[in-house]
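Residue numbers (the numbering used here), protein chains in the order written: chain A, 4 to 116; chain B, 126 to 239.
Calculated directly from the structure, the hints in this document are not laboratory data. Because the structure is a prediction, the values reported are computed rather than measured. Just so you know, even glycine gets a beta-carbon here, dropped at the ideal spot from N, CA and C. Please note that the accuracy of each hint is not assured.
Said to hold, decoys possible - A partial selection of chain A residues facing chain B, derived with a Cβ cut-off under 7 angstroms:
1) GLU45
2) GLY46
3) PRO47
4) LEU49
5) LYS103
6) PHE106
7) LYS108
8) GLY109
To be verified - Sample of chain A residues with no beta-carbon within 10 angstroms of chain B, all distances over it, derived:
9) LEU14
10) SER57
11) GLN84
12) PRO116
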Amino acid sequence: QQQVRQSPQSLTVWEGETAILNCSYENSAFDYFPWYQQFPGEGPALLIAIRSVSDKKEDGGFTIFFNKREKNLSLHIKDSQPGDSATYFCAASRDSGYNKLTFGKGTVLLVSP
Amino acid sequence: NAGVIQTPRHKVTGKGQEATLWCEPISGHSAVFWYRQTIVQGLEFLTYFRNQAPIDDSGMPKERFSAQMPNQSHSTLKIQSTQPQDSAVYLCASSRDNSQNTLYFGAGTRLSVL
Numbered sequence: 004q005q006q007v008r009q010s011p012q013s014l015t016v017w018e019g020e021t022a023i024l025n026c027s028y029e030n031s032a033f034d035y036f037p038w039y040q041q042f043p044g045e046g047p048a049l050l051i052a053i054r055s056v057s058d059k060k061e062d063g064g065f066t067i068f069f070n071k072r073e074k075n076l077s078l079h080i081k082d083s084q085p086g087d088s089a090t091y092f093c094a095a096s097r098d099s100g101y102n103k104l105t106f107g108k109g110t111v112l113l114v115s116p
Numbered sequence: 126n127a128g129v130i131q132t133p134r135h136k137v138t139g140k141g142q143e144a145t146l147w148c149e150p151i152s153g154h155s156a157v158f159w160y161r162q163t164i165v166q167g168l169e170f171l172t173y174f175r176n177q178a179p180i181d182d183s184g185m186p187k188e189r190f191s192a193q194m195p196n197q198s199h200s201t202l203k204i205q206s207t208q209p210q211d212s213a214v215y216l217c218a219s220s221r222d223n224s225q226n227t228l229y230f231g232a233g234t235r236l237s238v239l
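With the rest of the complex left out, here is chain A (with noise of 0.2 angstroms):
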């Protein structure tokens, strides 16, 4: 069964447009949630992440939405460019120490010139 899962599996956006990815999980016990970035060849990155006490968080042109009740969230790339093309992890946890990441299966964003 995968507690985390994510949608679409890509994506295609032309530059300067906002791209929305969305992440759905099951266990009502987590309460972390960061999304993770990730280009070829290198290892996953952090980019954001949000609490489940929040319902928006938001970095530069990176904004995360948080619905507790629908146990959804959704990144949101404003502006996109070229260089934010890669594949996107959202991932989950209890927010209690060293509790491992559970993490989808990804989304892989292209942005077009």
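Following the hints, position chain B against chain A.
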């Protein structure tokens, strides 16, 4: 800060051979995680250590996979009798002693089992 260092970057083994993957966490980080990445399964948790002690190995295939952390500066993942289905990118990550769970990943070791 060189980040998490994984060696080798690529490893090719024949079916039935043993593979040992190495990870050097960021200095001062007390938690080390191993994940496996494939196109089909995505990022799968394997195991993690805190202050060198094994905490959770629930993702490890029990029979052929083992992980150790003999000191704070490195961890190893050993796969015995490798099978083609073990082909994947194996990622190591480390984390500071806090509750934010920020994982810093290495670039991974791509294992190919022929």
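Hints versus structure:
1. GLU45: holds, 6 angstroms
2. GLY46: Nearest chain B Cβ about 3 angstroms off; hint holds.
3. PRO47: holds, 5 angstroms
4. LEU49: Hint holds; LEU49/A Cβ to chain B Cβ min 5 angstroms, cut 7 angstroms.
5. LYS103: holds, 5 angstroms
6. PHE106: Result: holds, 4 angstroms to nearest chain B Cβ.
7. LYS108: holds, 4 angstroms
8. GLY109: holds, 6 angstroms
9. LEU14: holds, 16 angstroms
10. SER57: Answer for SER57/A: holds, closest chain B Cβ roughly 14 angstroms.
11. GLN84: holds, 23 angstroms
12. PRO116: Given that every Cβ of chain B is farther than 10 angstroms from that of PRO116/A, nearest at about 26 angstroms, it holds.
Going down the numbered hints, you'll see the structure goes against none, and every one checks out.
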